[in-house]
Amino acid sequence: MSITTVRPLGFFVSLAALLVVACALPHFANRGVVFLAGVVATNIVFGIAFNFAFAKAGVLSFGHAMFFAVGAYATAYLILNHSWMPFLLILLIALACGALLALVTALLALRRAGGVSFAVITLALGALVHVLITKMTVLGRNDGLAGVARPPLDFGVFSVPLAVGDNYYYFLVVTCALAVVLMWFLWSNRFGRSLQTVKSDPARAGFLGVDVNAKRLKAFVISGTMAALAGALFAPWAQIVSPELALWTQSTMPLLFALLGGSAFYLGPAVGAILFGFLDYGTRTMVGVSDLMVGGLLLAVVLAVPGGMLGMLSALWTRMTVKRETTNAKLSEARP
Amino acid sequence: MAGDLLTILFNAMTWSMATFLVASGLTIVFGILHVLNFSHGGFFMIGAYVAYTVLTYFGFEVPLWAYLAASFIAAIATGVAGVGVDALIFRRLQNVEGVYVLIATYALLLVCDGFVKLVWGLNYLGASPPNGLLDAIFLGDAILPTYSLFVIGCGLLVFVLLECILNHTSVGRTLQAIAIDPWMARAVGIDVSAVYRGTVIAGFSLAGLAGGLLVANQSLSPELAHIYILQAFGVVIIGGMGSIRGAFIASIFLGLVEAISATHLPNYPGVLFFATIALVLVIRPQGLLGKEATA
Amino acid sequence: MSVQATTPEGGRQMLEARKVFKNYGPIKVLKNVDLDLADGERHVVIGPNGAGKSTLFKVLSGEVQPTAGTITLRGEDVSSMPGFKRVRKGVGRTFQVARIFLEMSALDNVIVSIEARDANEGKSRGFFTLSSAPDVIEEATSILGELGLTKIAETQAAVLSHGDRKRLELAMSLALRPKILMLDEPTAGMSPTDRLAAVNLIDKIVRENKLSLLLTEHDMGVVFQLGTRLSVLHYGEIVVSGLPEDVRANPLVREIYLGRKSGHA
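Residue numbers (our numbering), protein chains in the order written: chain A, 39 to 374; chain B, 21 to 315; chain C, 205 to 469.
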């Protein structure tokens with residue numbers, strides 16, 4: 039699998055398939071499932087955004103929920119208090135907040151802290167964001183912000199009323215798909231390749247003239263911004279935002295998605311998010327099982343299946359094709 | 021005024037020594053195995069809960085010996101659990117890439133959280149200090165609870181013991197050698213693997229012991245692991261990874277920071293803590309006592 | 205304590221180090237080092253183990269900052285410039301143990317090197333352009349050909365032999381189109397046959413691309429085959445510097461290498 043010759047077909051076909059399934063869902067599934075699908079869609083963006091920093095730039099963050107929460111809260115706040123703003127502008131501002139937070143985090147800690155210290159710093163910062171949210175009255179403190187409406191999408195000439203029927207669902211799914219495509223380009227083009235060199239051997243990358251610190255910073259900012267987008271799209275979907283969104287348990291989610299699905303694969307976090315959606319739905323009523331499940335799954339993946347689901351499938355595929363080739367070779371030898 | 025100051029300093033020291041009790045185990049495991057064990061906080065918490073359960077048999081009047089016994093039982097419980105965790109997980113992590121080791125220990129922390137929630141539930145639990153440590157010493161205006169003195173005493177004792185063992189015994193010197201160059205240690209015949217195993221189990225036992233000793237220090241909730249591990253990490257980052265002395269000094273330093281935060285910024289807990297860690301990272305990335313990083 | 209046997213002729217200085225000191229805490233690794241690299245020169249630095257050759261390389265290439273002294277690159281002061289910026293000024297560097305991207309194929313390694321060069325020169329690429337440009341792939345293929353690595357172009361770098369890895373690293377450095385090539389023990393760990401091939405290869409590349417070469421070496425055969433100038437580093441100081449034949453005949457150098465106590469600290 040060469041990173042210099044990119045074949046877009048596999049990706050676009052997979053994404054198209056997912057989109058088709060997602061858009062068909064409201065026609066035959068109940069409300070609960072549709073709601074879950076919307077959440078999974080934002081989780082996919084969240085997971086891929088996290089994985090962008092983790093797998094492509096080698097930066098592990100234990101506080102990514104803070105970006106999701108910042109995006110969600112910014113959107114909720116603006117919709118509730120400044121409803122005159124066009125929805126797209128609100129989303130843009132939410133993105134900017136995420137980008138700013140990521141920039142500050144990276145400038146503060148990325149250059150000076152090694153991988154372990156940086157991970158801990160993000161954990162501490164995430165905890166701080168959570169505490170600050172619970173203290174701010176304007177953000178609803180422990181109760182959060184409820185009643186977040188789904189504003190119309192105003193294009194000047196016409197506007198799409200997202201509050202009507204399943205309109206917001208389709209908007210959500212399509213926007214998530216666009217975000218996934220955007221990040222895919224960054225993952226696969228020359229920028230993504232240079233990130234790969236930074237992750238692979240930072241010293242060698244440096245001696246190819248690559249500004250390693252700048253690249254890592256860019257990757258982290260992209261990651262944080264896209265995570266904020268996931269949160270921003272989530273707020274009008276769930277119509278309520280609460281401080282739990284910034285809790286450290288939420289920060290482990292994208293990590294789990296990425297590892298479960300296979301962090302070396304661009305769509306790995308998507309696979310992980312979908313899988314986890316099923317699992318979580320099935321166990322949502324049991325107290326403590328969620329932590330056990332997430333922790334247990336992560337351990338299992340790290341110790342036994344580090345390549346995740348897609349890694350396993352890929353290895354299986356390689357073994358089968360090799361077997362087929364050797365079988366063919368043997369057959370052609372046997373033929374007189 | 022002086023009484024207030026004394027109370028604040030005293031509270032700071034209590035926080036410092038409590039944190040040091042947790043951070044010391046973390047530091048030792050990191051120093052020797054070079055693994056930052058997130059689950060150390062989880063086992064600390066489980067130790068506290070186990071001690072709590074033992075203490076409930078004594079009702080309201082807990083004799084001092086019972087309190088200490090409960091701590092030791094907690095240490096044994098976590099030690100035994102540590103044997104299993106070591107065999108199943110830590111041993112397998114030796115060939116795993118650094119980032120994934122971090123993730124694995126974090127996952128283990130989550131498992132501890134889930135375990136505690138499942139067994140003891142989500143509610144806050146409280147244990148009271150044992151008889152003999154229920155009153156306070158009054159120095160002028162200052163109120164110094166004897167239990168807090170106990171905590172400070174424990175922290176100081178652990179520090180002195182560790183310093184003695186590491187720097188003045190052959191066992192300690194062996195450990196330092198293994199920490200610096202395990203390959204060489206193996207070459208001179210030291211069973212490094214056995215030392216690693218022993219260190220992991222000792223680390224978990226210490227976590228459980230700390231949990232038991234500190235069970236009356238705060239209320240118990242499944243959040244305890246995360247709270248203490250963050251504090252411990254702050255200490256390790258500021259003190260320099262793997263340095264007991266650094267951890268001790270950093271604990272005191274951060275304890276003062278926390279005390280200032282509690283009195284002057286009570287509505288923004290954690291802000292000063294985070295700001296301090298960030299500042300130290302900016303000014304001196306290797307921590308107060310850490311060595312300058314090589315290229 | 206620096207003995208200048210001869211001065212380089214003609215051309216401007218590609219690289220100049222003046223009064224360079226490097227301390228690691230209390231340990232003084234480099235003391236008052238002066239070094240020149242003229243245009244087209246092949247300057248070899250030799251010295252016993254522990255003399256400070258690796259540190260000298262690190263300081264010159266920008267991997268670490270000197271404690272004191274100046275480093276000039278074609279007249280420009282780069283003493284506080286980080287390594288990646290010096291690379292953009294025309295410095296290519298290899299490491300004692302070849303640093304390559306292990307999970308990529310040999311060809312991909314060279315391709316990303318060319319792409320890094322393009323990025324450094326500000327050549328923009330479309331955001332939506334995914335695969336590497338055909339001319340980049342072509343250039344990479346030809347560079348691999350120049351270094352005799354065409355056969356292993358598609359092989360993953362991780363499985364390459366030691367000698368092939370060093371050649372690949374050389375290819376990657378070449379892809380940057382440097383003016384100065386800094387090679388850290390380029391023939392270390394090679395068999396005599398490989399070594400001979402490596403020396404011929406380096407010689408050809410330096411000649412064809414009109415590069416200036418700075419290298420450290422242990423093998424005296426390589427030193428005399430390649431070098432136009434020789435400097436001896438001893439306990440962090442340049443004790444002799446000049447034409448290889450002159451340096452070889454220098455009694456001081458004999459003392460250093462034959463180990464007779466000479467009163468040096």
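Hints should not be assumed to be uniformly reliable.
When the alpha-carbon atoms are kept at most 27 Å apart in a straight line, the in silico DSSO-like pairs for lysine-lysine are as follows [said to hold, decoys possible]:
hint : chain 1 : residue 1 : chain 2 : residue 2
1    : C       : K414      : C       : K327
2    : C       : K289      : C       : K355
3    : C       : K223      : A       : K253
4    : A       : K361      : B       : K137
5    : C       : K327      : C       : K289
6    : C       : K223      : C       : K289
7    : C       : K408      : A       : K361
8    : C       : K408      : C       : K355
9    : A       : K256      : C       : K293
10   : C       : K383      : C       : K408
11   : C       : K289      : C       : K414
12   : C       : K293      : C       : K408
13   : C       : K408      : A       : K256
14   : C       : K355      : C       : K232
15   : C       : K293      : C       : K355
16   : A       : K253      : C       : K355
17   : C       : K327      : C       : K235
18   : C       : K327      : C       : K355
19   : A       : K256      : C       : K289
20   : A       : K253      : C       : K383
21   : C       : K289      : A       : K253
22   : C       : K327      : C       : K293
23   : C       : K235      : C       : K223
Every beta carbon over 10 Å from chain A, so not counted as near; a handful from chain B, in silico [unchecked claim]:
hint : residue
24   : V116
25   : A197
26   : I210
27   : R265
The set of hints was computed from the structure by calculation and includes no laboratory data. Note that beta-carbon positions come from the ideal geometry of N, C-alpha and C, so glycine has one too.
>> Run through the hints listed earlier and report the numbers of any the structure violates, in increasing order.
In response: 2, 3, 4, 7, 13, 14, 15, 16, 17, 18, 24
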